[in-house]
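**Q** Take the sequences, apply the hints, and build the full model.
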Amino acid sequence: MDRKWLIVVAFVLIAALFGGVLGGCGPADEVEEEEPKTLIVGLAQSVLTLDPAMHRDRTSETVIRNMFDGLVTRTTSMDIVPEIAESYTQLTPTEWEFKIREGITFHNGDPLTADDVEFTFMRILTEGAVDGQSSPRKGLLGSLLKVEKTDDYTVLFTFEEPWPIFLRMLPHQQIVPKNYIEEHGSDYFAENPIGAGPFKLVEAALDEKIVMERFEDYYGGSPEIPPVGPAQVDTAIFEVIPETSTRIAALQAGDVHIIANVPTHMVDQLEADPNIAVKTCTGTNFFSVSLDMEVYEPFNDVRVRKALNHAVDVDEIIATVMDGLAIRCPGPCIPGSFGYNEAITGYDYDPEKAKELLAEAGYPEGEGLSFVLDTQDAHKDTAEAIVQYLEEVGIDVSVRVWDWGVLKPLLDEGGERAAVFSSWGNSTMEPHDLFEPKFVSKLDDVLGRGNYSRYSNPEFDELFFETTVLIDDNERIANYKILQEMLFEDAPVIFVYTPMVVEACSAQVERWEPSPDGRINLHRVGLKE
Amino acid sequence: MRLARVLERVFVAIPVMLGVAIIVFFFMRLSPGDPVDLMMGEAGSVSPREMEALAREFRLDEPLHMQLYHFLAGLLRGDLGNSFVKRKPVARLVREHLPATVELAIGALVIALVIAIPIGIISAVKQHSILDRVSMAGAFLGISMPAFWMGIVLILVFSVYWHVFPSHGRLPFAVGLKTITGFYTIDSILTGNWSALASTLKHLFLPSLTLGAGTAATIARMTRSSMLEVLRQDYIVLARAKGLTEYAVVVKHALRNALIPTVTIVALQIGTFLGGNMIVETVFGWPGLGRLVVDAIQRRDFPLVQGAVIVYALTFVMANLLADIIYTFVNPKIEL
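Residue numbers (the working numbering), protein chains in the order written: chain A, 1 to 529; chain B, 530 to 865.
Honestly, the hints are just simulated from the structure, not real lab data. Just so you know, not all the hints are guaranteed correct.
Which chain A residues face chain B? A few, computed with CB under 8 Å, are given here [claimed, not checked]:
no.: 1; residue: Met-54
no.: 2; residue: Val-211
no.: 3; residue: Pro-242
no.: 4; residue: Ser-245
no.: 5; residue: Gln-252
no.: 6; residue: Ala-253
no.: 7; residue: Pro-409
no.: 8; residue: Gly-414
no.: 9; residue: Gly-425
Predicted model only: the values in this text are computed from it and were never measured. The C-beta atom is built at its ideal place from N, Cα and C for all residues, glycine as well.
**A** Okay, structure coming up:
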């Protein structure tokens, strides 16, 4: 009898528990009811760390940049503007002087001075400086040798050789507090980070959510990005929602306000929702089909490579596969890049011309040309479209889809894969940052790290390295234009497109625009009542 | 005697764990993909010295047997190493993520049992009735529906259209729960934060239902068939002949015996729940061990994958042992 009662009670309790849940709950957007000025962002990936020196990850940087400011920052149109720095001057080709604004404080009230700036950069440059570990961000500082304080609010950056893209790379570095880290250690700092940004950390579970609140004593941020002043919302929360459908559902349900990485095929559905605004801007990922000239002999013939470029209708692929949400790259640079060569209008879609070129090269009707186009799952649709176009001119091609972690080392080693459709990040929109890994002759793990075509042109290399140390912008632009022409003529890849950054937000959100580099800075973003 | 047998089984698990650890070690290293190269991403601006320094720091420059030696030596000291990517001790990361996974597994189990056992019993007692046919069709559907699809459909219906349950996560920040154990249900009871408890259960419901649906279907079918078998036994006829009520016959005499195979399935499912929830955790943005491991595999974070797989193996071995122990309780004829 007792046991019977126990079972009955247990069932009643369980039923009551879930009944209570079902009955007692209202709409799921409870956060909005309790905190009207809480802004929630849905991220696609986990955050790896909150220490600005210890990652190479866009998502982590997105979150970090809301707590930490840098010497300079980027506007959503990718212009570099001062943030913590008041001004900067290039003294010599290898020396830059930065004046730091006075009156900036970290979240713990300590003033930000030249000591902190020097410490921030030396912590990245020096091996083992992060409690015995090394920062993976050293490569983002080029040939930087040292950073020295010259007075309390002035620092001097000294490079081994001129590095013209320094300013464009600088927004990736955020200033950390010297005294705090020296006192508590880097492990403690990663758990309890303090910066000089518009938000200070409240709590963080990196795979779940990072909660921040407005820093009331914020100096106001870059004077060139209005409205200058403290953050517009009381609380900002970054929640990790890896599944795309769930992220979109969360936005539609009102559980989050901004979501990143919206797939192009979802845009129409979201735009139909009056409570949601879809926002786009140019992206910074350069997509191309690398043609490995060492592995597949026919690719050694420039006529074959040009034929392949003529065979693919990139505009049609953008219109159909990408739903119009990509911008064609007619040549080896993303349109709008520094030194972009407008004269290059791309290879026309001309299957007849492609066939002629193939015939000239000894492959009439594509006969004798047979290879596999490798890619990863995310880019499969475009790869399949490209293959269809290539088949139309008689080439025997098929797509093979890989896990990127598996494919990447195979591409690095070479010797097997003939063609790969892949992307390369170019967040600085500076050709240097794209040409060095993609088109410079493969020398080691770094130079030509993404040169899957195994393209090697001594003339190109020479001019590239000459340009790398040029200080005068006009000279660099002139050289970059020549370099682009060389690449266009040599066609080591099929030039494809750069997908647009597609993000979506609730109609409540104001003053937010997506950024080409994919970062979500909430410095000025507000919520309507 | 029984305790001695249990201890023996626990000790036998140690070489199993060691074997698993070594296999995972080699699998991770044999799978293509360089952790340092993947960490640098598809971007320029990488210096060779920096990559060398990181490889050295992660001991990836050492020969394989030395890496294995360091791994096993650490394991004996109870040190699972540091995550390459997250730069934190693996043991700590696993400890932080395990409660979410266990809580979800328990939620799924409770939901599976609450749905399945009554359905199983009723379908057996009312065999061939409409109820029987409908519930068995439902069970068939439950087994056939893939978790990722079912999860998304549930989110669409209950979160987007009806606003009844939240779409993702474990708990909104605004309820202000102070975490003690990492199990949010327990923490909210311990701190007396009832709004957090309600919210935790609300967040737990859809993922638990998604994870538990397949198991519920299995248990319902299992309970039904063993119940049918038991109901045909002579002692049931005798119980009825004695004039016992139908309730007493079914619950007191038939159910206990019919549940023996079900108990085994349930105990084995605990292992599956803990190991098989990667998809559900990803769909619902649930910050558990499954998602941590998927992420770590993609980034070739060797120490983290190794550590997590060891924990999985341990739970699986222990769940099996638990199944065997429970079995001896429900069926005293069987020994460990």
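**Q** Decide, hint by hint, whether the structure agrees.
**A** Hints, verified against the model:
| no. | hint | result |
| --- | --- | --- |
| 1 | Met-54 | 6 Å, holds |
| 2 | Val-211 | 5 Å, holds |
| 3 | Pro-242 | 5 Å, holds |
| 4 | Ser-245 | 5 Å, holds |
| 5 | Gln-252 | 5 Å, holds |
| 6 | Ala-253 | 4 Å, holds |
| 7 | Pro-409 | 5 Å, holds |
| 8 | Gly-414 | 14 Å, violated |
| 9 | Gly-425 | 4 Å, holds |
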